[in-house]
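With the hints as constraints, model all of the structure from the sequences given.
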Amino acid sequence: MTDYKMRPVEGTIHFDGAQATKGFNFNKMCFSFNNEDARQAFLADPEAYMEKFKLSEEFKQALRDKDLNKLLELGGSIYYMAKLAGIFGWNMQVIGGMQSGRTTEEFQAYLDSQGRGKTTNG
Amino acid sequence: MTDYKMRPVEGTIHFDGAQATKGFNFNKMCFSFNNEDARQAFLADPEAYMEKFKLSEEFKQALRDKDLNKLLELGGSIYYMAKLAGIFGWNMQVIGGMQSGRTTEEFQAYLDSQGRGKTTNG
Amino acid sequence: MAKIIGGITTSHIPAIGVAIDKGLEDTPYYRDLFAIYPPIREWLNEEKPDIAVLFYNDHGLEMWLDKKPTFAIGCAPEYENADEGWGIKPIPPVTGETELSWHIVNHLIENDFDPTVCQDIKVDHGATVPMTLLWPNHTYQGIKVIPVSINCERHPMPKPSRSYAFGKAIGDAIRCWEKDAKVVVLGTGGLSHQLDGPRAGILNGDFDNYCMDKLVSDPQELCKFSNVDLIEKGGAQMVELAMWLAMRGALGEGIPEERLRNYVSPISNTGVGVQLLIPKD
Amino acid sequence: MAKIIGGITTSHIPAIGVAIDKGLEDTPYYRDLFAIYPPIREWLNEEKPDIAVLFYNDHGLEMWLDKKPTFAIGCAPEYENADEGWGIKPIPPVTGETELSWHIVNHLIENDFDPTVCQDIKVDHGATVPMTLLWPNHTYQGIKVIPVSINCERHPMPKPSRSYAFGKAIGDAIRCWEKDAKVVVLGTGGLSHQLDGPRAGILNGDFDNYCMDKLVSDPQELCKFSNVDLIEKGGAQMVELAMWLAMRGALGEGIPEERLRNYVSPISNTGVGVQLLIPKD
Ligand SMILES: [Fe+3]
Ligand SMILES: [Fe+3]
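Chains as they are written, first to last, in the working numbering: chain A, 3 to 124; chain B, 3 to 124; chain C, -8 to 272; chain D, -8 to 272.
In short, the hints are calculated from the structure, not lab data.
Treat the hints with care, as some may be off.
[Stated by the list, open to error] Just a few of them, taken from the derived set where beta-carbon distance is under 10 Å, the chain D residues facing chain A:
| id | residue |
| --- | --- |
| 1 | 51 |
| 2 | 82 |
| 3 | 86 |
| 4 | 187 |
| 5 | 222 |
[Unchecked claim] In silico lysine-lysine, DSS-like type, Cα no more than 25 Å apart, as pairs:
| id | chain 1 | residue 1 | chain 2 | residue 2 |
| --- | --- | --- | --- | --- |
| 6 | A | 7 | D | 159 |
| 7 | C | 150 | B | 7 |
| 8 | B | 24 | D | 224 |
| 9 | A | 30 | A | 62 |
| 10 | C | 170 | A | 7 |
| 11 | D | 173 | B | 7 |
| 12 | D | 215 | B | 7 |
| 13 | A | 7 | D | 173 |
| 14 | C | 224 | B | 7 |
| 15 | D | 159 | B | 7 |
| 16 | D | 170 | C | 159 |
| 17 | C | 215 | B | 7 |
| 18 | C | 80 | C | 13 |
| 19 | A | 7 | D | 80 |
Note that the coordinates shown come from a computational prediction; the quantities given were computed from them, not determined experimentally.
The beta-carbon is built from N, C-alpha and C at its ideal position, and this holds for glycine as well.
Dropping the structure here:
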């Protein structure tokens, strides 16, 4: 018998079958944001738009709160959630900061602290 | 080196990659016939409907002629073409006859000649 | 642990669905065919499986050429069906079983299969006709279903040996699922028929019965066929044997008991086989 | 006969596409990164490949959870791209190469891979950013492209060893295509990055360079990793190494020449590696 449970990694929620099942409606809503009209419809009336995709109250509240970690925990996939960036004017450093409890500047500094100086070129 | 050409079978056009490429627009049109409104739109104005799906003149003429073998030869897939049955009121014995050069009755007799008597039950 | 209690093969041709809709089961044309279903239903009523893993092929409802999977497995809580263009009546949705679905998907990926994983698909008559035949009057809604589709439309199609191996991996996955559940595996479609071209109408009852024999005793023999071999022997749609092989693969290596068999030809343009196989413990 | 003349790895992060759109290539932030592309373009200009086989992953444009392929291969004459929701500009479509696509599909099915076969898909930045980087100013329209996508979003994802084997089978298929054609293989995405969760922002330059070393000399070492191993070492999106492994698989068994390498970190949230590998004859 094989154990298919993925080994946990701290600070990471594996987007697996269980998560994908829980988050389906939410991810479907975010998937719709590939379309500009959909983004405008959401911005015009977020509550109605969330209702249209049958989001649970937990999902609705997490999105009202822009609580990205909560959305991940509930079953959000970062690939579809990234489309929220277009709606709210975030970039990946903003999102990174929001999730890791840093300001955008702190997040940028964290990135730089790990990377810069390791450039190999040629 | 492997030869991927499928062995020919008489009276049969293998629906392979080359056929699927040639027949894409036609099959896409037939795929649309899963929808009742689409079937009605086709019936109301077949020429406009074929044009909308950018069918080649060869495909258009074969469909005007209801020449099923020609449609297969051009790249039609029987799975999507079967949806024409709903539009034209054919069943599978009618279609079988049309393709094998038989009346529907002859086609039914051909089927029966091969099958009946081979029943095993229990 | 989950247990596979049996395998059932059955045709899924639309004509059968239409015959049920119209109440034609007891007419001379259909009587011999429908005679087999009451004893199978009786077995199902006695055994009461919790879950059906249903191998079928999509005929142009959901698995369109835009993105056509070789193997696709449903992971949805529910599967709708829909208008297919020629008059079969849609039925209320079948219920899914997401937990076992994902368990199977995990097992398949671990074992180097490359399925397309479906959280939102409609199933066509390939799935709904067998459900209606085996669990009539909407009783199918009492069983959870995992639809698994195999490309039988556009070449290249999976080799018969690959479909068998795919089914075998799914059987292994079911047997290592930690929940107590009784699972029945359905192989639908076939047997000999050809819908397209000048050769339309070919049937091969001898080959069909050979396939049913070997399916029980020695499925490896059937795995030696290429899809063109099958087309030559039983017509272009004989390739639907893929689903029978997948079902048989799921039953495992030992020779199962063949509890029931039926073969009637032609129904519509098809040689229609039905089998009930019980795996040895 | 067709010949694989080289393999190129490159990131496909949207930030790079945006930087090109805005003309930021020569700013301090981007200079080191963009320095590598002129020599690669020079090599491309000299070698003039006819076809690019491009491994990428879809990020939620076309391969939605409804029917998510493990491996998908394009067989279309043309691939559009589209609005992805956060501001990268769509570019004119890339041109396909259906004949080689189908040849590859036939070879894959023959060798027990189970791809989803795509006659009509849109490609996302995973494919368009590399095309724009390597063939700027719309010159990518002069090369035929076969996009091949690998699921890097939802677990279970193909094992690194499976992605390598998949690429290897595609390489074998290319080498046995009877047409004279020069083919370049592109592995896009990676390297270390994590976009999601409290651990967002992790980078691992040492591991990235280790991967680039082993990709050349001993890709089997990388095939020993599970996807969780990669996530631990390089973040949740380190799994995009799948495309690098597929590219390397396509180059064949021998150790290629590493003609060029570049590594800059961070660009956006990512450790960005670029390599040009030339297979030995
Ligand atoms: Fe069928
Ligand atoms: Fe990516």
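The hints, checked one at a time:
Interface hint status for residue 51 of chain D: upheld, as the beta-carbon distance to the closest one in chain A is roughly 4 Å, under 10 Å. With its C-beta approaching chain A no nearer than about 16 Å, residue 82 of chain D sits outside the 10 Å limit, and its interface hint is violated. Hint on residue 86 of chain D is violated. Least Cβ distance to chain A is approximately 23 Å, over the 10 Å limit. With a least beta-carbon distance of about 4 Å to chain A, the hint placing residue 187 of chain D at the interface is held under the 10 Å criterion.
At a threshold of 10 Å, the smallest CB-CB gap from residue 222 of chain D to chain A is about 5 Å, leaving the interface hint in force. With a C-alpha separation of about 29 Å, the suggested pairing of residue 7 of chain A with residue 159 of chain D is violated against the 25 Å cut-off. Our distance criterion of 25 Å between C-alpha atoms is met by residue 150 of chain C and residue 7 of chain B, whose separation comes to about 15 Å. Simply put, residue 24 of chain B and residue 224 of chain D have alpha-carbon atoms about 47 Å apart, too far for the 25 Å limit, and the pair is violated.
This hinted pair checks out: residue 30 of chain A and residue 62 of chain A have alpha carbons roughly 14 Å apart, not beyond 25 Å. This hinted pair checks out: residue 170 of chain C and residue 7 of chain A have alpha carbons roughly 15 Å apart, not beyond 25 Å. Taking the CA atoms of residue 173 of chain D and residue 7 of chain B, the gap is near 23 Å; set against the 25 Å cutoff, the hint holds. Restraint check for residue 215 of chain D and residue 7 of chain B: not satisfied, since their Cα atoms lie roughly 36 Å apart, outside the 25 Å limit.
Distance hint between residue 7 of chain A and residue 173 of chain D is unfulfilled; the C-alpha atoms sit about 44 Å from each other, more than 25 Å. A threshold of 25 Å between alpha carbons decides the hint, and for residue 224 of chain C with residue 7 of chain B the separation of about 19 Å falls inside it, so the pair holds. With a C-alpha separation of about 22 Å, the suggested pair residue 159 of chain D and residue 7 of chain B falls inside the 25 Å cut-off, and the hint holds. Distance hint between residue 170 of chain D and residue 159 of chain C is unfulfilled; the C-alpha atoms sit about 38 Å from each other, more than 25 Å.
Using a Cα cut-off of 25 Å, the hinted pair residue 215 of chain C and residue 7 of chain B holds, with the two alpha carbons roughly 19 Å apart. With a C-alpha separation of about 11 Å, the suggested pairing of residue 80 of chain C with residue 13 of chain C holds against the 25 Å cut-off. For the suggested pair residue 7 of chain A and residue 80 of chain D, the alpha carbons sit about 39 Å apart, so the restraint of at most 25 Å is broken.
Hint compliance for this structure: hints 2, 3, 6, 8, 12, 13, 16 and 19 are not met, and every other hint is.
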